[in-house]
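Novice: Sequence:
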Amino acid sequence: MSSRNRRAPSPSCSPPMTVTSSPTKHMLNVRLPPDIQPEMVTISAKKGDKLKVVADAWHMENNCHCEWLITFPPLDVDMSKVHAKFGGDGLLTIDVCRIRKYS
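Residues 1 to 103, numbered by the UniProt record's numbering, are exactly what the sequence shown covers, in order.
Keep in mind that the hints were calculated from the coordinates and are not lab data. Since the model is a prediction, treat every value here as computed from it, not as a measurement. A hint or two may mislead.
Under the rule of at most 20 Å between Cα atoms (straight-line distance), these lysine-lysine pairs were calculated in the PhoX-like manner [said to hold, decoys possible]:
hint, residue 1, residue 2
1, K81, K25
2, K47, K85
3, K81, K47
4, K50, K85
5, K46, K25
6, K101, K25
7, K85, K25
8, K81, K101
9, K50, K81
10, K81, K46
11, K52, K85
12, K25, K52
13, K25, K50
Hey, can you work out the whole structure from these sequences and the hints?
Specialist: Below, the structure is given as structure tokens:
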């Protein structure tokens with residue numbers, strides 16, 4: 001077993017990320033394990049309207065690395081308007097603004 005596989009929980013144990021959408025934004029929520037601190041979370045925009053979220057407790061050996069890749073519909077989001085908030089209860093909330101559609 002590689003160290004990366006040992007560090008990442010099985011997919012069935014990984015915290016689920018929920019995505020809800022409104023006309024103005026997409027809201028992503030995930031409750032992270034208690035050992036994950038805000039400085040251990042990386043959020044990055046990827047090509048093709050994708051957002052990658054990595055939570056890594058580098059000081060731990062097992063079940064301490066989680067990743068999510070969220071793909072949005074083409075031309076639906078403004079990746080320059082992504083806001084993240086880390087609650088004291090371990091809830092990570094990410095808001096991604098949608099691009100206004102003019103009719």
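Novice: Next step is simple, just say for each hint if it's right about the structure.
Specialist: Hints, verified against the model:
Proposed proximity of K81 and K25 is supported: the alpha carbons are some 10 Å apart, at most 20 Å. For the hint pairing K47 with K85, the CA-to-CA distance comes to about 23 Å; that exceeds 20 Å, so the pair is violated. With a CA separation close to 15 Å, the supplied pair K81 and K47 stays within the 20 Å bound. The hinted pair formed by K50 and K85 meets the criterion: a straight-line CA distance of about 19 Å does not exceed 20 Å.
Taken as a hint, the K46 and K25 pair is honoured in the structure, with Cα atoms around 18 Å apart against an allowance of 20 Å. Proposed proximity of K101 and K25 is supported: the alpha carbons are some 12 Å apart, at most 20 Å. Our distance criterion of 20 Å between C-alpha atoms is met by K85 and K25, whose separation comes to about 15 Å. For the suggested pair K81 and K101, the alpha carbons sit about 16 Å apart, so the restraint of at most 20 Å is met.
The straight-line distance between the Cα atoms of K50 and K81 is roughly 13 Å, inside the 20 Å bound, and the hint therefore holds. For the suggested pair K81 and K46, the alpha carbons sit about 14 Å apart, so the restraint of at most 20 Å is met. The suggested pairing of K52 with K85 holds, with an alpha-carbon distance near 16 Å, which does not exceed 20 Å. Between K25 and K52 the alpha-carbon distance is near 17 Å, which keeps this suggested pair within the 20 Å criterion.
With a CA separation close to 15 Å, the supplied pair K25 and K50 stays within the 20 Å bound.
Violated hint for the displayed structure: number 2, the only one.
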